[in-house]
Every structure is written in structure tokens, then in C-alpha cells.
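Sequences are here, hints too, so could you generate the full structure?
Chain order of the listed sequences is A and B. Using numbering that gives the first Met the number 0, the first residue of the first sequence is number 0, and each one after it goes up by one. Using numbering that gives the first Met the number 0, the first residue of the second sequence is number 0, and each one after it goes up by one.
Honestly, the hints are just simulated from the structure, not real lab data. Some hints could be false.
The list that follows gives simulated cross-link-like pairs (lysine to aspartate or glutamate, DMTMM-like), each with its CA atoms no further than 25 Å apart [unchecked claim]:
(1) B:K25 <-> A:E137
(2) A:K133 <-> A:D147
(3) B:K80 <-> B:D66
(4) B:K25 <-> A:E140
(5) B:K25 <-> A:D147
(6) A:K133 <-> B:D66
(7) B:K25 <-> A:D50
Chain by chain, the residues:
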Amino acid sequence: MTIRLLTGLKSHFDARFWEWLLTIMLAWAGIAVSNASNQFLYSAAFDVMRDIARQDVWGALFLSIAIVRALALFLNGTFSRFRRFSPLVRSVTAGFSGFAWAFIALGLWQGAEFYIGAGTYFGLMVGDFYLLSKIAEEAGEVEREYRDERA
Amino acid sequence: MSAPELSDAVLQWLVVIGIAIGAIVKGAWGYLRNASTTAVKVMPGNHNTPSGANGAPAIFDVRMIQDIRDDLRVLRLIAEKDMERRTQEAHDRQLRERWEAERAREERRRSPQVVERYQRMRRGKDDIP
Numbered sequence: 000m001t002i003r004l005l006t007g008l009k010s011h012f013d014a015r016f017w018e019w020l021l022t023i024m025l026a027w028a029g030i031a032v033s034n035a036s037n038q039f040l041y042s043a044a045f046d047v048m049r050d051i052a053r054q055d056v057w058g059a060l061f062l063s064i065a066i067v068r069a070l071a072l073f074l075n076g077t078f079s080r081f082r083r084f085s086p087l088v089r090s091v092t093a094g095f096s097g098f099a100w101a102f103i104a105l106g107l108w109q110g111a112e113f114y115i116g117a118g119t120y121f122g123l124m125v126g127d128f129y130l131l132s133k134i135a136e137e138a139g140e141v142e143r144e145y146r147d148e149r150a
Numbered sequence: 000m001s002a003p004e005l006s007d008a009v010l011q012w013l014v015v016i017g018i019a020i021g022a023i024v025k026g027a028w029g030y031l032r033n034a035s036t037t038a039v040k041v042m043p044g045n046h047n048t049p050s051g052a053n054g055a056p057a058i059f060d061v062r063m064i065q066d067i068r069d070d071l072r073v074l075r076l077i078a079e080k081d082m083e084r085r086t087q088e089a090h091d092r093q094l095r096e097r098w099e100a101e102r103a104r105e106e107r108r109r110s111p112q113v114v115e116r117y118q119r120m121r122r123g124k125d126d127i128p
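Have a look at this one:
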């Protein structure tokens with residue numbers, strides 16, 4: 000099973016490199032937000048998020064999205080059982096990840112200064128939303144192939 | 000938050016939401032477009048239709064059939080153009096041959112030998128009718 004997972008990961012890694020990178024970054028952000036004490040009070044990056052929920056809630060949310068996305072990346076293309084829905088899961092989690100970066104970017108942006116972080120997180124947001132649209136198209140093709148096989 | 004800051008914040012939110020909505024709409028459109036193509040099953044035994052391995056029905060999707068139809072249309076246009084060209088060439092060749100025959104006849108009629116013979120006929124020096 001482990002070998003199969005690793006082989007599957009290796010065979011798709013090139014095509015999904017950016018998804019993996021963004022997943023790891025989101026997981027890192029989730030762990031950082033969960034563990035840094037009172038970070039929401041001291042950093043302008045979290046101004047918008049602070050108004051919505053607590054720090055530990057956001058940390059848990061980021062980490063959950065990253066875990067689900069990582070699972071979908073592992074399983075998609077490795078096990079045919081998950082072939083039909085895993086691209087959709089990848090696409091939806093890319094969208095959630097995009098919103099996560101958007102909240103951080105907005106917090107920095109509204110700091111009324113040109114933080115380098117604002118541009119960086121804005122870029123991450125655009126990247127994840129772009130992946131959302133591309134993977135959704137791939138999901139449509141998979142759905143058609145799935146239906147055609149059963150026709 | 001002052002009024003300029005508020006308008007900046009609103010603008011920033013609008014940009015983010017606009018990008019998000021644009022990506023979602025594009026993704027949904029792409030998903031529906033790719034997922035909605037209908038499969039057409041082509042059964043073996045139909046004339047001039049291929050079948051899959053071992054005579055199993057071949058599954059084509061509508062886009063493949065549309066591509067094949069487009070290719071056939073192009074081939075038909077090429078064949079028609081070719082036929083037109085050949086017809087035109089045959090017509091031109093006929094006209095040219097007719098013209099050359101006319102010209103040859105005209106030259107024979109006006110050749111010095113023919114003219115002299117005609118004149119001798121008129122003078123009664125030639126009894127060839």
C-alpha cells in the first residue's frame with residue numbers, strides 16, 4: 000500500500016507540483032497560526048480574520064483544508080475508486096485555500112502600506128483560484144470518461 | 000475607519016471577490032462543458048462503422064464524431080474543388096483544340112499553294128473540281 004501511494008505520488012508529482020507546494024504552505028500556515036500565541040493581536044496580517052473567528056479556529060481550519068487536499072492529491076490517480084470525485088475535491092480545496100490566502104492578503108493590504116506580504120499572499124490567492132478553475136475542467140473530463148465507461 | 004480607508008477596504012474586497020467569482024464561474028463552466036458531452040455507442044455490424052477490439056461496440060463521444068464530420072466536410076470540399084479544376088481544364092483543352100483546328104484550317108485555306116490553285120481554277124487552267 001505504501002509503495003503504491005509513493006509510486007502514485009511520484010508519477011503525478013510533476014503535474015501537481017504547485018498543488019503540493021500550496022498544500023504544504025497552507026498546512027504550515029495552519030500549524031503556525033494554531034501554535035503562535037496571541038499572534039492575532041500583534042500582526043496586521045490577521046486583522047480581517049480576527050473579526051471573524053478566533054486564532055485557534057483559523058489554525059484548525061487551515062490545517063483541515065490542507066489535510067483534505069493532501070489526501071485528494073494522494074488518492075487521485077492512485078486508486079481508481081476515488082477517480083470520479085477526487086479532482087472535484089482538489090478543485091474545491093484549492094478554492095478554500097485561495098480564500099485562506101485572501102483573508103491574510105486583505106489583512107496586510109488594509110494595513111495601508113505596501114507590505115511585501117500583501118503581494119505575496121495575493122499571488123498565492125490568484126494561484127489557488129487559477130488551480131480551482133483548471134482542476135474543475137479536469138474534473139469534468141473525468142466525469143465524462145466515468146459516464147462513458149458505463150454507457 | 001475613515002471614509003478613504005473604508006472605500007479602499009471595499010475596493011480590496013471587491014477585487015478579491017471578483018477574482019474568486021471569476022475563477023469559480025470559469026471552473027464551473029469548464030466542468031459542465033467537459034462533463035456534458037454525450038457518448039454515442041456505435042454497434043458492430045453497421046455498415047461502414049468501425050468496432051472496437053473483438054467486435055465490441057466502439058464508444059465515440061459527440062466531439063469525436065463532430066471532428067470526423069468536419070474532416071469529411073473538408074475532404075469533400077477539396078474533392079469538389081479538384082473536380083471543378085479538372086472540368087475547367089478539360090473545357091479549356093477542348094476550346095484550345097478547337098481553336099487550333101480552326102487556325103490550321105484557316106492557314107491551309109490561305110496558304111500560297113491553295114491560293115494559286117484557286118486562281119488557276121478561276122482562269123480555267125486547273126480541271127480539278
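Going down the list of hints, with the structure as the test:
1. B:K25 <-> A:E137: holds, 12 Å
2. A:K133 <-> A:D147: Holds - the C-alpha atoms of A:D147 and A:K133 are around 21 Å apart, at most 25 Å.
3. B:K80 <-> B:D66: Holds - the C-alpha atoms of B:D66 and B:K80 are around 21 Å apart, at most 25 Å.
4. B:K25 <-> A:E140: holds, 15 Å
5. B:K25 <-> A:D147: holds, 24 Å
6. A:K133 <-> B:D66: Holds. A:K133 to B:D66 sits at ~24 Å (cutoff 25 Å).
7. B:K25 <-> A:D50: violated, 30 Å
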